[in-house]
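So the protein lines, in turn, are chains A and B. If you're matching positions, the first sequence starts at 1 in this note's numbering and goes up one per residue. If you're matching positions, the second sequence starts at 593 in this note's numbering and goes up one per residue.
Think of the hints as simulated: they come from the structure by calculation, not from any bench. Hints are not guaranteed to be accurate.
[What the hints assert, rightly or not] To list a few chain A residues with every Cβ distance to chain B over 10 Å, as calculated:
1) Phe236
2) Val292
3) Gly511
[Said to hold, decoys possible] Below, simulated DSS-like cross-link-like pairs (lysine-lysine); rule was C-alpha separation at most 30 Å, straight line:
4) B:Lys666 x A:Lys522
5) B:Lys734 x A:Lys4
6) A:Lys512 x B:Lys734
[As the list claims (entries may be wrong)] Over the 10 Å line for every Cβ pair with chain B, so calculated as not near, a few chain A residues:
7) Cys74
8) Lys113
9) Glu137
10) Glu304
11) Ser307
12) Ile314
13) Ala368
14) Phe419
15) Val473
16) Ser478
17) Ala507
18) Leu508
19) Gly509
20) Ala510
21) Leu516
We put the beta carbon where it would ideally sit given N, CA and C, even for glycine.
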Amino acid sequence: MATKILRPKALLGFSLAMLISLTTANLVFTLFYGFTISLTHSFGGLGGGIVILQEGAKSIHTSRVPLSLAKSLCRLPAVEAHAVTLTPLTLGGKPIVFRGVDTLNDYADKIVKGSLPTEEDLWVLLGEKASERLGLELGDIAVAGSPLSPSIVALHVAGTYRLGDLRDYEAVVPYEIGAELAGLPGGVASAIQVDGIEKGELESLIKSLYTLTIEHDAGRGRVVVLDSLNTPVAMFTMEEPGAEALQLPFGYYTIVYSESYLTANLTSILLTENRASTLRIPDEEVFKLKAVAPETEPPILQLEDGSSIQGRWIGNAWLFEAPRGLHTIMFGEASYLIPLIGDTTFNPRAVEEAPTRVEIRVNWQDGADVTDYLISVRDATGALLASIRSLSPLVTLNLPDGEYEAEVSKPPYLIKVRFRVPKQEAVTISLPVISNPSRIPPRLFQQLKAVTPIDASAATLSSLIGLTTASLVALMTSLTVLSIIAVFTVQKGLYSSAEDNFRVLWALGAGKGQILRMVWFKTLDLNLALGLGATYLALTIHEHLSFNLAFTILGYGLQVEPSLILTYSLMLSIASWFLSAAKLTPGMDAEA
Amino acid sequence: MAPLTDVALELADISKTYHTRGLKVEALKNIDLKVGKGEILCLMGPSGSGKTTLFKVSAGLLRPDSGRVMLLGKELYQLTFGERLSLRRNLTAFMFQEDLLIDTLSVRENVELPLIIEGYPRRRRVEFVERALEAVGLKDMKTRRPMEVSGGERRRISLARCLAKRPEILFADEPTSNLDTKTASAMLDLLKQANSQGATIILSTHDPLIAKQVGNIIYMRDGKLQNLP
């Protein structure tokens, strides 16, 4: 009876108008909301976590954070941190977001075609949607370009993956390539994703400055404090015994003693609170140098100051006792530099007949050659096999099979790299390049903020469409309210067209409650049916009109969640149904 | 005429003024009227004399500016809205001048409507509707829509809707208007028949011939009752 009291034509018009209104509202709403949700996945991954961004940066694409922070955070118990770069670039001439990652853990079991790249190479992994959109397949080679950097890189597609979120619209590259394409300076990342720590705790940690007090004796050299990327962040000369108080942000720091070519790690500290460290470097300390050579060929040790001392035969080697310094040991006509900063065994004979030729190249991170440095190579037992002051970036050594550690000392840098022979016959050692090194990390630290992936995505979305987060919330609220008003107006029109019939009901003795029961309650079924219909329609439109292609923002497509559309449709249809009750019996009580 | 045993409707000093676009129209002026239970009364007067207003005030559809309305022993406008609605729904019926049929419902459904509102069970509704349609001679037209029948038949549907619920008092506002003489006479017979079955009937007309057939006439002019024209 209820639907008969309402006019059939009006009912048909109402149903069509409701379907159109709800579907349109859904499409507009999900364009924003669905995008935000997907972007959240993109930031936090499926596991959530916290994102560290630069304060004031409008989005992750323009954010700058210290890369050393990621490595320092990993030193905290149960904390995992990964630096990422997210940069809008072009690949094969089409826009796409490039994600530079330092781990492929998230992608390990999500590869659809190809395989996880295992070697350092110029590879790119494409999300399934990105692959479709760009028309690139496994094995293709495409050029990546960036408006932010002059870099142009040819990348080969190593595989495609499917994660089921917005990251399927991205291209994944090794972190170093991502950073290069993003035009990031050395030691800087776009953002850091952190798991295993609360947001408040993390924020308090990264926003504070701590005092590191270093007490020391008098010495000839300098003390250098390096961050987790071996970048010097503080330096002072030990002229008199005393204490130096350094203001540093949270981080994992290595305190290094440095003197001409001689560099030594003294201690490492995870700075999470104010700390004091005592360094004792007595000038008069004497170290033992054990030189492996035949008893018949005694070597001579020439000290830094030019004086020479002879060794003592101890059955299998010659033993010298000498102060700290960069000395020279001579075996007949051959001479070697010995950095003596502790008890050392030197065994040059081990390499004399070695079969494998190993090339060690030393350069700066930007690719420039490093010259005038000291390089030492030790075997697995810690014995010094070679020690060379080199003016060339290339050092060639013959080494027997085994594991080795090469140590490049270029004060204030001290970089160690492990390698295996014969597996690695070419080894590259890079020294960090940071302009104004003593200031950059602290300056970045003061501008950091820890945000949830939702906040990060909201901020990014707002920057993409040129709105602040507050106005984005206002826009979303307005859209929701407008949607409700639109469907309410449609529903009101339905009842208005049957207003005469309601008056008949009232004249026949039906009260408001009765009219509501007779008509309004019965139309709930219709509203729910229309809500379901609008859900189906919206999903069908998404599917058939390929919104993934039509609506792309910086290479991202629109992620549609059916449950979201269903909830929104039903919410709107029920809200309009509820509000329309007021229109059903207008003025009847007043007339009575 | 049925014997007058008790008062069905009593109006005391009823006045009603309409204010429209700055104009003041006195529709009812100090009306006093008493109608006994089982009585049939014809209110006669020209168009605009205030008949419809008097009917609406008497039936609880329009609150008067002043005065007292006693309907079936209850002071109508002292009741709450719900009580007045209940009294109107359960004991009275109103045959509107404009029929007020719902075009989207069938003849049967239109007649059934007040019974649904009153809360009758379906079985009794079917029985009462059948009886009412039979009484007005429209049993064969119950599946038609109001748009598909003549003016006279619409009036009869309207009457059947009133009779179906067996009201104690029936207000029939111009039940014979726009009907030919034969149809008007038949309509009057139906009202008399209802009166003979115990219903108090108050009808209005501007047709002297119809009024004469009823016999018990009160004249109305310019919002006032008069015993003789």
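Here is what the structure says about each hint:
1. Phe236: Label holds. Min Cβ-Cβ 91 Å, cutoff 10 Å.
2. Val292: holds (110 Å)
3. Gly511: Incorrect as stated: the minimum Cβ-Cβ distance to chain B is 5 Å, not above 10 Å.
4. B:Lys666 x A:Lys522: Status violated; Cα separation ~35 Å.
5. B:Lys734 x A:Lys4: holds (16 Å)
6. A:Lys512 x B:Lys734: holds (28 Å)
7. Cys74: Holds, because the least Cβ-Cβ distance between Cys74 (chain A) and chain B comes to about 73 Å, which exceeds 10 Å.
8. Lys113: holds (61 Å)
9. Glu137: holds (61 Å)
10. Glu304: holds (110 Å)
11. Ser307: holds (118 Å)
12. Ile314: holds (116 Å)
13. Ala368: holds (87 Å)
14. Phe419: holds (89 Å)
15. Val473: holds (44 Å)
16. Ser478: Check passes; 38 Å lies beyond 10 Å.
17. Ala507: Ala507 (chain A) is in fact no farther than 10 Å from some Cβ atom of chain B, at 6 Å.
18. Leu508: Violated, because the least Cβ-Cβ distance between Leu508 (chain A) and chain B comes to about 5 Å, which does not exceed 10 Å.
19. Gly509: Given a closest Cβ separation of 3 Å, the condition is violated.
20. Ala510: violated (5 Å)
21. Leu516: holds (13 Å)
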